[in-house]
Amino acid sequence: MGRWSALIPIVVLISTATPGLRGAESVWSGLVIAENIAQPKPIPPELTRIEGSLKKFFGYNQFQVIGQSQKTLKTGQEDWLATSKFFGLHVDARGENDLGYVLNLKLYKEKELLLETDAKLSKRSPLVIKGPQVGSGQLLLVLIVE
Amino acid sequence: MKTFEEKWTAWLDGQLSGRELAEFEASLPDKAAAEAEKTEATKLRKLLKSEIGVQTLNNAEFFSHQLRERIARESGGASRVSGVRRMESSTRWTVPRLLWTSAASIAVFLACTVLVMRDKSGSEESQYLTQILNARVDPVVSPNATVSIFEVKQDRVTVLWTEGLQTLPADYAAK
Chain A
1 MGRWSALIPI VVLISTATPG LRGAESVWSG LVIAENIAQP KPIPPELTRI
51 EGSLKKFFGY NQFQVIGQSQ KTLKTGQEDW LATSKFFGLH VDARGENDLG
101 YVLNLKLYKE KELLLETDAK LSKRSPLVIK GPQVGSGQLL LVLIVE
Chain B
147 MKTFEEKWTA WLDGQLSGRE LAEFEASLPD KAAAEAEKTE ATKLRKLLKS
197 EIGVQTLNNA EFFSHQLRER IARESGGASR VSGVRRMESS TRWTVPRLLW
247 TSAASIAVFL ACTVLVMRDK SGSEESQYLT QILNARVDPV VSPNATVSIF
297 EVKQDRVTVL WTEGLQTLPA DYAAK
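Note that the protein sequences, when read in sequence, are chains A and B. The first sequence begins at 1 in this note's numbering and counts up one residue at a time. The second sequence begins at 147 in this note's numbering and counts up one residue at a time.
The set of hints was computed from the structure by calculation and includes no laboratory data. Be aware that one or more of the hints could be misleading.
Heads up, simulated DSS-like pairs for lysine-lysine below, C-alpha to C-alpha not over 25 Å straight-line [said to hold, decoys possible]:
1. A:56 x B:153
2. A:41 x A:85
3. B:184 x B:153
4. A:123 x A:85
5. A:55 x A:111
6. B:177 x B:192
7. A:41 x A:56
8. B:189 x B:153
9. B:299 x A:120
10. B:321 x A:71
11. A:123 x A:71
12. A:123 x B:299
13. B:184 x B:195
14. B:321 x A:41
15. B:177 x B:153
16. B:299 x A:55
17. B:153 x B:192
18. A:106 x A:85
19. A:123 x A:55
20. B:177 x B:189
21. A:55 x A:41
22. A:123 x A:106
23. A:120 x A:74
24. B:184 x A:55
25. B:148 x B:184
26. A:85 x B:177
27. A:120 x A:71
28. B:148 x A:111
29. B:299 x B:321
30. A:106 x B:153
All values derive from a computational prediction rather than experimental measurement.
Chain B on its own, in the form it takes in the complex:
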């Protein structure tokens, strides 16, 4: 059973017909005033349609996404897991991406460390080797003697190599 207001709205919208229309119009106390009001309402509806229209959204997808997010947050009834998943999907730094980024960072760090350590160990290696500052052979006793310096990496041995020293008899090997 519709109320008078419902029937009135339906009559203004032109949605009453048949017996229902006849009964409603018969119940109107001042049909002329009602018709005038209906005409005004029709004009107003046409004016609103033509002037305002429907505003189109440029970023409808984003708007609806934001709206869904807000609904999900405010509803609070959703399970924690699904909430976490929504949060993950809404951010760029997902757990797998974080893991991969961390692994890549560690790999880069290790590579740099190895390179630096290799350079450093090379310089330290030479730093810790014995150095020959100078060497002299008596030119009178051994006029053709020469000296050279070698480094034996195996045991970090530094060798001062002389050539052309006077050869001595085996007796000189005595203790």
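For reference, chain A alone in the conformation it holds in the complex:
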């Protein structure tokens, strides 16, 4: 027993240090309108993690989620849709590996395909897609593995 108990910390250490999969994970997908407003609202909690990058890179001070979806991936082959009144983001997961998911993304304006892309979404690296300009703001598509 004493000899085996000595192995427990080693096993724990190895399991925590391995950057592989640790069960089902969820992907947050959001349609975000970025604008410059005199009195900006606080950033939604889903975007807090990348707030600095969003403000610095896109130059807007307010980010509002107009559509979102939270999908738990079990097989890595799921697909889902994040929609707002006029836009739809269709995400089709086409497999996963230790580092993340292979996704096919399609942005629709109503039924019109505006943009399509394939990406390897890393579990440690969010994806932001700059969409069309909407009024004085900018549509952004954000995908984050949580």
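Given chain A's structure and the hints, the job is docking chain B onto it.
For chain B alone, kept in the frame of chain A given last:
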């Protein structure tokens, strides 16, 4: 009081003189035989000196050092501390040298580790970033649209940047 043998040796070496010499020679039973023996001994001494001589040591310092070491070991009476000091001084790997060598080895090891880890973290960094495999914009709807890819190191954010997409009215920002 010298014995006869001592006086005999001294007489052969020519070290007796005066009264002592006279008394010794008077005590000899056969002075002629003794003189003949003395002459032979003198010849032998001269021969040995001329033929053998004194052997010179080429590494006298090392020899004497070894000799002192051996004496010190065999005497065993010396204190342990002084013995240790002698051992230290006799070897090239002294304690301070060992310490310095160890410290230098650790420093070299750490430097190499830092360099390797830096390279590895750089490659891992890009490995863990989201990658855009391809991107397409509808050429009919947005004929002048272009796409670019950026990586924001700050939060490890990958950005697909589009330009020239059709601008839409503010109504499209509705939830």
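Hints violated by the structure (numbers, ascending):
1, 4, 5, 24, 26, 28, 29 and 30
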